[in-house]
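2 protein chains.
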Amino acid sequence: MPKPTLAIVGATGAVGTIMRDVISRRDDVWGEIRLVASPRSAGRKLRIRGEEVTVQALSEEVFDGVDVAQFDLPDEVSAHWAPIAAANGVIVIDKSAAFRMDPDVPLVVPEANPEAVRDRPKGIIANANCTTLALIPTLAPLHAAFGLKSMTVASYQAASGGGKDGIDALYDQLSAIAGNRDIGFRAGDVRDALGEGADAAFGSPLALNVVPKVGGWKDDGWTSEELKVRNETRKILGLPSLAVSATCVRVPVVVGHSQAVHATFDSPVTVAQAHKLLADAPGVVLVDDPAAGRYPTPIDAAGLDDTFVGRIRSSLDFPNSLDFFVVGDNLVKGAALNSAQIAELLLPEFS
Amino acid sequence: MPKPTLAIVGATGAVGTIMRDVISRRDDVWGEIRLVASPRSAGRKLRIRGEEVTVQALSEEVFDGVDVAQFDLPDEVSAHWAPIAAANGVIVIDKSAAFRMDPDVPLVVPEANPEAVRDRPKGIIANANCTTLALIPTLAPLHAAFGLKSMTVASYQAASGGGKDGIDALYDQLSAIAGNRDIGFRAGDVRDALGEGADAAFGSPLALNVVPKVGGWKDDGWTSEELKVRNETRKILGLPSLAVSATCVRVPVVVGHSQAVHATFDSPVTVAQAHKLLADAPGVVLVDDPAAGRYPTPIDAAGLDDTFVGRIRSSLDFPNSLDFFVVGDNLVKGAALNSAQIAELLLPEFS
Numbered sequence: 009m010p011k012p013t014l015a016i017v018g019a020t021g022a023v024g025t026i027m028r029d030v031i032s033r034r035d036d037v038w039g040e041i042r043l044v045a046s047p048r049s050a051g052r053k054l055r056i057r058g059e060e061v062t063v064q065a066l067s068e069e070v071f072d073g074v075d076v077a078q079f080d081l082p083d084e085v086s087a088h089w090a091p092i093a094a095a096n097g098v099i100v101i102d103k104s105a106a107f108r109m110d111p112d113v114p115l116v117v118p119e120a121n122p123e124a125v126r127d128r129p130k131g132i133i134a135n136a137n138c139t140t141l142a143l144i145p146t147l148a149p150l151h152a153a154f155g156l157k158s159m160t161v162a163s164y165q166a167a168s169g170g171g172k173d174g175i176d177a178l179y180d181q182l183s184a185i186a187g188n189r190d191i192g193f194r195a196g197d198v199r200d201a202l203g204e205g206a207d208a209a210f211g212s213p214l215a216l217n218v219v220p221k222v223g224g225w226k227d228d229g230w231t232s233e234e235l236k237v238r239n240e241t242r243k244i245l246g247l248p249s250l251a252v253s254a255t256c257v258r259v260p261v262v263v264g265h266s267q268a269v270h271a272t273f274d275s276p277v278t279v280a281q282a283h284k285l286l287a288d289a290p291g292v293v294l295v296d297d298p299a300a301g302r303y304p305t306p307i308d309a310a311g312l313d314d315t316f317v318g319r320i321r322s323s324l325d326f327p328n329s330l331d332f333f334v335v336g337d338n339l340v341k342g343a344a345l346n347s348a349q350i351a352e353l354l355l356p357e358f359s
Numbered sequence: 009m010p011k012p013t014l015a016i017v018g019a020t021g022a023v024g025t026i027m028r029d030v031i032s033r034r035d036d037v038w039g040e041i042r043l044v045a046s047p048r049s050a051g052r053k054l055r056i057r058g059e060e061v062t063v064q065a066l067s068e069e070v071f072d073g074v075d076v077a078q079f080d081l082p083d084e085v086s087a088h089w090a091p092i093a094a095a096n097g098v099i100v101i102d103k104s105a106a107f108r109m110d111p112d113v114p115l116v117v118p119e120a121n122p123e124a125v126r127d128r129p130k131g132i133i134a135n136a137n138c139t140t141l142a143l144i145p146t147l148a149p150l151h152a153a154f155g156l157k158s159m160t161v162a163s164y165q166a167a168s169g170g171g172k173d174g175i176d177a178l179y180d181q182l183s184a185i186a187g188n189r190d191i192g193f194r195a196g197d198v199r200d201a202l203g204e205g206a207d208a209a210f211g212s213p214l215a216l217n218v219v220p221k222v223g224g225w226k227d228d229g230w231t232s233e234e235l236k237v238r239n240e241t242r243k244i245l246g247l248p249s250l251a252v253s254a255t256c257v258r259v260p261v262v263v264g265h266s267q268a269v270h271a272t273f274d275s276p277v278t279v280a281q282a283h284k285l286l287a288d289a290p291g292v293v294l295v296d297d298p299a300a301g302r303y304p305t306p307i308d309a310a311g312l313d314d315t316f317v318g319r320i321r322s323s324l325d326f327p328n329s330l331d332f333f334v335v336g337d338n339l340v341k342g343a344a345l346n347s348a349q350i351a352e353l354l355l356p357e358f359s
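Listed in order, the protein sequences are those of chains A and B.
Residue 356 in my numbering sits at position 348 of the first sequence, and the numbers go up by one each step.
Residue 112 in my numbering sits at position 104 of the second sequence, and the numbers go up by one each step.
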C-alpha cells in the first residue's frame, strides 16, 4: 500500500511550526502531507521535510483522500471541523480541549495508553493538555509499579503556553525592564514600568513575576488548567477517582513547563526503585544527582523530545510517597510530538 | 524608665537596609540605636529614624548597655557572637539558622506564638526562615480553627533570597538576554547567551528559568530550605509530628516569595470559613476574587508588610483540605519586619 496521507490543520501557528519540525526529523512514514490553515493563510508556502508546501484553506474538500489529520485549532473551531473531517473518513488527532473528556474519544499519551487509539467510535483521538503531557511519561511507569493513589501538583508554566502572543508579551516586558536595577522592590513598580496592557497576555505582568492563574476561571475558584491536569490524568491512567489537587502558575520562562509533584502510591516505593524505573522509561530522562548539582530545569529541556525528572525524594512524613520535579517542553512533547507519536501508532492500519 | 537601647548587628546588608527602613517607619519605641557591622564597614554613616548613625565594628564592647540586639549575620558568625552578646545581658533576636532548632531557643512569629518570647533560657530568640515566614500568618489562624494535619508546599522564591549577589545576578542575566527574541527555545541557548559564571548565584541560570534548588544539599536529596519549611513550621505551630513535604524553587523575581499550598486539617473547612478567618487575621491580606481577576502576585506584594493569600479552593478529592497561594516580601516580613515585631514584644520588660 502507498504511504498514508497526512494533513496538518493549523499549520501556521506556534505548535504548527513545531509540528512541521517534528515531522521533518522523524522517520519519513507519510505519503503526501497537506498543510491546512485559515483562509487568510492560504497560499503561503511553508517548509516541511525539506520541501515547500502551499498552505490550503480549511474546507471539507481539503480532507479528500486524507487518512490522518493533526488538528491544532481553537477549541470551538476543532469542535466544528473535527466531526466533519471524521465523517469524511479521516482519523482526527485533535490537540484542543474540545473532545478530551468525551467518553467516546480516547485521550492518548503513547508512553501510557497506546492501545487506546484503537477504540475511537467518533474517529477522533484527543491529545492531552501540555501540562498533563509533561507529567504522564513519569507517572505512568510509577503507577504501573506502585499504583498511584493521590497527587498534588504545583506548576511553573512557560509563556509559550499562551502561544505567540504570550511569547511576544514576555519578550516585550523583559525588554521594558532591562537595565533598571532598582525595580521589583516596591509594590506596583513593575506595573508602572510596563504601563498599560501588561495584563493582557496573562492576567498580570509576567516579567519579574509569577501569575497563579493559567486558563480561564471555572467553578469554585479552580482554573481550567488545574481541572485539566486532574481530569486528563485520571482518564489517561484509567483512574477515575484518582485524588488530584493542582495549582497552575505562569512563570517568566519562554519554553518548558515544570511541575513540583507530591505523589502517594498504594505500595511502598523507594527512591532507588523510582530511579531504576525512570532511567528505563520511554520518553523520560532521569537527571537526579544532587552531589553533582544535576536536576532538571526548563532552559535545559527546551526544544527536546523527552521529559526530564529529578529531585526525587522519599516523602519524610507521608507513607508510600515521593516528591519530585519534572520538566517538559510544552510545545514539543506537550503538543506536536505527542500528536505525531499518536499518528504513528495508526500506521499499522495503513500497511 | 528610659527607652531601651537597640543594636542592629549586620546593619549594612540587604536585610540590614530593610531593617533600618522598618524601624524608621514604626513607632519610635527605642532609645539609642546602635548600628554594628564587620570591621571593614566600621565608620560608615547610615540613616535610621532620619538621622545619620556611624557604624561600629562588631566586638564584645559594642554590646555594653544594649538591651536588645537584632542579628542579621551568616550562620557561623551568629553562632559565635549571639552567645557572647547574651552573656552580656543582651536579648538577641537572631535571623540566622544557627539557633532555630535549638530546644532552648524559641522560634517566634508574632502572629502565631508571641508568648514564646518569654521562655528564652539562652537569652536568644530565633527568627524563622523567609519562606516559613510567608506561610505562618496564614497557617496559624487556619490551624487554630481547624487543626493542621499535613501540608505540601511548592515555592516560587525570589532572587533577593540570595542577598545582594542574587539580586545583581538576576539583573545582570536579564540585561544579557534582553532584546534577544529567539532565545529560550533550544536547550542550552540561555546558557550560551549568559556565558561562564551564570551558575554562580543559584546553581543554574535564573533568567528565563526556574531552579529547583534553594539552599544547600542535605540528606536523601532534600535541600536545607525544604527542611527548614518543614521543621520550622512544626516548631512554631507546636506540631512536632506535622506531615510536611516542600519543594523549593528559585524563580526570576526580585522580591516576594510565593507558595502553592495544599493543607489538610483535622476538621472540615469551607472556603467561606477560611475567607472569614483570613480577612480578619493579623498580618494577612485576603486577595481572592477570581471573577474580578484578583489574586496575589509578588510584584503586588513587594515592599509591603503583610502576607497576601488568595486562590483559596476546597480540594476536590481530599477531605478537610484547602489549596491556596500565599505571597510575602521575603526581606520585610520574611526577615526585618518579623525581627522588629519580636523586639517590640519585649518592650513591656523595659517599662
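Please keep in mind that the hints were generated in silico from the structure rather than gathered at the bench.
Keep in mind that the hints are not guaranteed to be accurate.
As the list claims (entries may be wrong) - With a straight-line Cα cutoff of 30 angstroms, these simulated DSSO-like cross-link-like pairs (lysine-lysine) come out:
hint	chain 1	residue 1	chain 2	residue 2
1	A	K157	B	K11
2	A	K172	A	K226
3	B	K284	A	K226
4	B	K226	B	K284
5	A	K226	B	K226
6	B	K130	A	K284
Given the structure is predicted, the values throughout are model-derived calculations rather than measurements.
Now for the hints, and whether the structure bears them out:
1. The suggested pairing of A/K157 with B/K11 is violated, with an alpha-carbon distance near 59 angstroms, which exceeds 30 angstroms.
2. Note on A/K172 and A/K226: the hinted pairing holds, with a Cα-Cα distance of about 24 angstroms set against a maximum of 30 angstroms.
3. With a C-alpha separation of about 22 angstroms, the suggested pairing of B/K284 with A/K226 holds against the 30 angstroms cut-off.
4. Between the alpha carbons of B/K226 and B/K284 the distance comes to roughly 39 angstroms, so the proposed pair goes past 30 angstroms and is violated.
5. Distance restraint check for A/K226 and B/K226: the Cα-Cα separation of roughly 40 angstroms exceeds the 30 angstroms cut-off, and the hinted pair is therefore not satisfied.
6. For the hint pairing B/K130 with A/K284, the CA-to-CA distance comes to about 48 angstroms; that exceeds 30 angstroms, so the pair is violated.
The structure does not agree with the numbered hints 1, 4, 5 and 6 stated previously, though it agrees with the rest.
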